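Participant: Here is how the chains run, residue by residue.
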Amino acid sequence: MPLVRPNVRMIDATDVSAPASDEALVSAIRHERSEAAFAVLYDRHTPRAFQTAWRIVGGNPHEAEDVVQEAWLRAVSSLDRWSRQSEFGAWFRGITAHVAIDVVRKQGWLVLDADVDAVSDETPGEWMDMESAILSLAPGYRAVLVLHDVEGFTHEEIAERLGITAGTSKGQLFKARRVVRARLAPGMERRAL
Amino acid sequence: MTEHSFEEWTPEERAQLADVGQHRSPRSELKGRTMRDLRERGLLGAAGSRRAQEFSLGRMLDGYEGLLFNMSEVHASPVASV
Chain A
1 MPLVRPNVRM IDATDVSAPA SDEALVSAIR HERSEAAFAV LYDRHTPRAF
51 QTAWRIVGGN PHEAEDVVQE AWLRAVSSLD RWSRQSEFGA WFRGITAHVA
101 IDVVRKQGWL VLDADVDAVS DETPGEWMDM ESAILSLAPG YRAVLVLHDV
151 EGFTHEEIAE RLGITAGTSK GQLFKARRVV RARLAPGMER RAL
Chain B
1001 MTEHSFEEWT PEERAQLADV GQHRSPRSEL KGRTMRDLRE RGLLGAAGSR
1051 RAQEFSLGRM LDGYEGLLFN MSEVHASPVA SV
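One line per chain: the protein sequences are A and B, in this order.
Per the numbering used here, the first sequence starts with residue 1, numbered consecutively.
Per the numbering used here, the second sequence starts with residue 1001, numbered consecutively.
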């Protein structure tokens, strides 16, 4: 006789009457290894996580996909560590950011040093849009700017993830913002300064 | 000194920042690839559940007991026949 847990709601992927909560989906994955529940959770949180990965790895879509895949593996392996007080999407994006930082670090690009130029490729005099300006930053600077200004991490959280001090994170953010501003279209730069 | 004492973005820049990467999305095959990987690791799918049920403590003890019994039978027979 199969074991039935009354507190676990069975997830039916075809049921669109009421969207299942993240908590119900996580419970179904943990206790039943439900593929239907994972499919819903994946569709709900992958797009945003992919964007996080894409920004940190510098706009490489294939690397960003690898990051998201690894992030799901880590997340599903440690679902018991997700605290229901926090939003699942934010928890998962934290894991994704962590994996993306590891990827950049392994490639030897994550250098956070005051002597390192904040710009990865020199194209003086070329105006850029915001996306190109951020992607043109050296990986370490880009990571700090993306994590703080786009993803909303605090300097303390960034420091912990990157293995630097909060003061270094603030300093790198300051430099990264200046470089990005200097590369934005002239009209926007004048408004910003 | 607060974090906001650094050069802040203008509202227009903030909107542009939030838009960075927004139109990017992974290829559809990533979902299948990820689910296959999770299945292979026993984290997803019926195979994982079955394996977990098969390897319950009771079944493992029964199996171990049976193994010990068989071993004792094998080694006991020649002694008994002498």
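Please keep in mind that the hints were generated in silico from the structure rather than gathered at the bench.
These numbers were taken from a predicted model, which means no experiment stands behind them.
Treat each hint with caution, since some may be false.
[As the list claims (entries may be wrong)] Each computed EDC-like pair below joins lysine to aspartate or glutamate, with the alpha-carbon atoms no more than 20 Å apart: (1) A:Lys170 to B:Glu1008; (2) A:Lys106 to A:Glu131; (3) B:Lys1031 to A:Glu151; (4) A:Lys175 to B:Glu1040; (5) B:Lys1031 to A:Asp129.
[Unchecked claim] Cβ-to-Cβ under 7 Å is the rule here; a few derived chain A residues that face chain B: (6) Arg33; (7) Glu35; (8) Tyr42; (9) Pro47; (10) Trp54; (11) Arg55; (12) Glu65; (13) Gln69; (14) Trp72; (15) Val76; (16) Trp127; (17) Ile134; (18) Asp149; (19) Phe153.
[Stated by the list, open to error] Between beta-carbon pairs, the in silico distance windows are: (20) A:Arg81 to B:Tyr1064: 42 to 52 Å; (21) B:Ser1072 to A:Gly163: 50 to 60 Å; (22) A:Lys106 to B:Asp1062: 39 to 49 Å; (23) A:Ser78 to B:Glu1012: 37 to 47 Å; (24) B:Asp1037 to A:Ala90: 22 to 32 Å; (25) A:Ser78 to B:Gln1022: 45 to 55 Å; (26) B:Leu1067 to A:Thr154: 53 to 63 Å; (27) A:Asp102 to B:Arg1036: 17 to 27 Å; (28) B:Ser1025 to A:Thr154: 25 to 35 Å; (29) B:Gly1032 to A:Glu156: 17 to 27 Å.
Built from N, CA and C at the ideal position, the CB exists for glycine as well.
Participant: Grab the minimum C-beta distance from Trp72 of chain A to chain B and call the hint holds if it beats 7 Å, violated otherwise.
Facilitator: 5 Å, holds
Participant: Is 45 to 55 Å right for how far apart the beta carbons of Ser78 of chain A and Gln1022 of chain B are?
Facilitator: 28 Å, violated
Participant: Is the shortest C-beta separation between Val76 of chain A and chain B less than 7 Å?
Facilitator: 5 Å, holds
Participant: Is the interface hint satisfied for Arg55 of chain A? The criterion is a beta-carbon contact with chain B at less than 7 Å.
Facilitator: Holds. Min distance 5 Å.
Participant: Are the Cα positions of Lys1031 of chain B and Asp129 of chain A separated by 20 Å at most?
Facilitator: 31 Å, violated
Participant: Mind checking the alpha carbons of Lys1031 of chain B and Glu151 of chain A for me, to see if they're no more than 20 Å apart?
Facilitator: It is violated: about 23 Å lies between the C-alpha atoms, which goes past 20 Å.
Participant: Would you say the C-beta atoms of Gly1032 of chain B and Glu156 of chain A sit inside 17 to 27 Å of each other?
Facilitator: 38 Å, violated
Participant: Does Pro47 of chain A meet its interface restraint, that is, does its C-beta lie within less than 7 Å of any C-beta in chain B?
Facilitator: 6 Å, holds
Participant: Holds or violated: the hint that Arg33 of chain A contacts chain B, with Cβ atoms closer than 7 Å.
Facilitator: Given a least distance of 5 Å, the restraint on Arg33 of chain A holds.
Participant: How about Phe153 of chain A: closest beta carbon in chain B under 7 Å, or not?
Facilitator: 11 Å, violated
Participant: When you take the CB atoms of Arg81 of chain A and Tyr1064 of chain B, is the distance between them in 42 to 52 Å?
Facilitator: 32 Å, violated
Participant: Tell me if the interface restraint on Tyr42 of chain A is satisfied: Cβ within less than 7 Å of some Cβ in chain B.
Facilitator: Check passed: Cβ of Tyr42 of chain A comes within 6 Å of chain B, closer than 7 Å.
Going through the hint list in order, the structure does not satisfy hints 2, 3, 4, 5, 16, 19, 20, 25 and 29.
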